[in-house]
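Participant: Guided by the hints, dock chain R onto chain E, whose structure is given.
Residue numbers (my numbering), protein chains in the order written: chain E, -3 to 375; chain R, -3 to 375.
These are calculated hints, taken from the structure and not from any lab test.
The list makes no distinction among identical chains, and a pair is therefore deemed to hold if it is satisfied within one copy or across any two copies.
The calculated lysine-lysine pairs, modelled on DSS-like cross-linking and capped at a C-alpha distance of 30 Å, are: (1) K208 <-> K244; (2) K221 <-> K208; (3) K35 <-> K271; (4) K257 <-> K127; (5) K189 <-> K346; (6) K189 <-> K35; (7) K272 <-> K35; (8) K28 <-> K73; (9) K233 <-> K257.
Remember, predicted model here, so these are calculated numbers, not experimental data.
2 protein chains.
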Amino acid sequence: MAMKRAGVSAISALCSSPNLTRGVHSTAGSKKIVGVFYKANEYAELNPDFVGTVERGLGIRDWLESRGHQYIVTDDKEGPDCELEKHLSDLHVLITTPFHPAYVTAERIKKAKNLQLLLTAGIGSDHIDLKAAAEAGLTVAEVTGSNVVSVAEDELMRILILVRNFLPGYHQVINGDWNVAGIAHRAYDLEGKTVGTVGAGRIGRLLLQRLKPFNCNLLYHDRIKIDPELENQTGAKFEEDLDVMLPKCDIIVLNTPLTEKTRGMLDKERISKLKKGVLIVNNARGALVDTQAVADACASGQIGGYSGDVWFPQPAPKDHPWRYMPNQAMTPHISGTTIDAQLRYAAGTKDMLDRYFKGEEFPVQNYIVKEGVLAPQYQ
Amino acid sequence: MAMKRAGVSAISALCSSPNLTRGVHSTAGSKKIVGVFYKANEYAELNPDFVGTVERGLGIRDWLESRGHQYIVTDDKEGPDCELEKHLSDLHVLITTPFHPAYVTAERIKKAKNLQLLLTAGIGSDHIDLKAAAEAGLTVAEVTGSNVVSVAEDELMRILILVRNFLPGYHQVINGDWNVAGIAHRAYDLEGKTVGTVGAGRIGRLLLQRLKPFNCNLLYHDRIKIDPELENQTGAKFEEDLDVMLPKCDIIVLNTPLTEKTRGMLDKERISKLKKGVLIVNNARGALVDTQAVADACASGQIGGYSGDVWFPQPAPKDHPWRYMPNQAMTPHISGTTIDAQLRYAAGTKDMLDRYFKGEEFPVQNYIVKEGVLAPQYQ
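Just chain E, with the same shape it has in the complex (with noise of 0.2 Å):
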């Protein structure tokens, strides 16, 4: 806390330097606001609540233009034509999700001139180089919890999917089979199985609490233990060290956020020493693990199912292996983006677009970046 007070003490020097002022919040007059989300389309009609869309745009436009400002909304974000290009030199506030992911890199970050606020409708700022975020003396902040529950409980969905074999019965329905054989060989119950989660941050312990009744064998490794009370309640046990954890797991979670530390942390020298057959469920971070890897493991048998609705890159492309490895449950990024999640990340956005027009502070879990200091958790 001491060092994160002087952070802020030292970024608020250096502010009153002209040329770092551009993140400091601001009442001044209109602004232009662009956010860049997914097209509804023809599902745009189909739901009045369906606001993380550019059709709906968080259903803030009216609140916005009353108030003078601009607000372009789109979903066109790649290559040097494309419209979030176009207003990159004169926009204040960018909005982006993980869902559609708008790439700022430093590049157009040195070519936003004006740009003050970067903020993902949504959790996560691994689109963003938080770096040039920060010498750039920007805020970056996101809406924090807005969807871990949303995410948890699509993680529990995708456990029981692989424990208990779900898609080849799938499959057989709409094939006109019938083969319980086919199915039954390799479907377990979830109960009495060993469940690891790598990261119990707020979506793992979630993921914990819906787990306990289950009657697993509850594991977590992060770098801090939870509260005692929270492992206490769920029966969850503290493992040190991942490597020690890992070959125990039956079920493997993934929940910690993609860093330099932990990008491709499950790579091929890892998988070979988990248990034959492991069941990994990665919500997270397509870049978490290595995807070539986790295809070749697929197939030998050495994973026995996998599934999350992550990928590297994102869109996945049509020759991602992943499509085609065999035990996948995969879908493309959606659990956070649920009907319930996007009515709470759009009001968390209006909620910090309101503080910054007003000058205050946001939700302190909220920031990323704060006016050029990254947050302690991205250091």
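Facilitator: Structure of chain R alone, referenced to chain E:
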């Protein structure tokens, strides 16, 4: 309880009549035991614990034969020339399963003059004509509890698959697509939704316990209220009137046995009164619902998703409408025959055979018909 004792006394008196004694536990001599299971075929060698199959025959052959009994195992159970029919005239014990049901009709019971004991390896007896079995003085028993955890886990998986709209995302992956909007516009969190179980017996109660951490509104309908401690623990509210509960539910789970009272309970009229877009999970029995009414309601959107592993008839024919209706997440009859469940019901069946040979009572909860008298819940 008084009534039950009266019933047992009555049948004890009846059993002294020579033509009604065949249901009485017998200790004398070599028995002929026939088991009807599904075939493992090419999957037989893939898992040594795959015991609920023709190839492994519950793993009790050596044990039976070393005690001088004859053990016939087959999957051939239909028509006048099937393997099962060949053995009806002289078998003493018939073991069946709900996953590949041998229909034990009044006619077959009449042919099986030496038959004393009908065992379900698993749970359920609606493939058996219980009235005819009772009239013939037989004992019918199941391995109560052997797969209740398996089924409850599977139900929660299906709830999540429907609520979160998993399958359209999976289809995109295997079809080379990426369209988050096509999934997200009807993907929700389970949190905050109203889930009602029709029936809160062993499986329904296990489901309620597993749903508890998801922070839903939990409702249940049954003939009697569950234990107050469990009601308190899960927060589930008792609904005396089924037709009052059903229209409140976002998600309905069927957990009631098939009887003449429950057959077709979810018919066209009841479905029309449900919330538009309701999700339905049925791992109980296919005939609890009107097949065509469900298919029509899925097509119209009145039902937003239907998932289960039970059909009428089974195996489902290639033209069964549930194979083709929109928003289905069906599988063959699988939830109660995980490897863990097979090991439990194989052990439970062996235990009952051992008690039968020794002339001992079965665990009381296993009886469906005890020496000609229906267990109270089937009366």
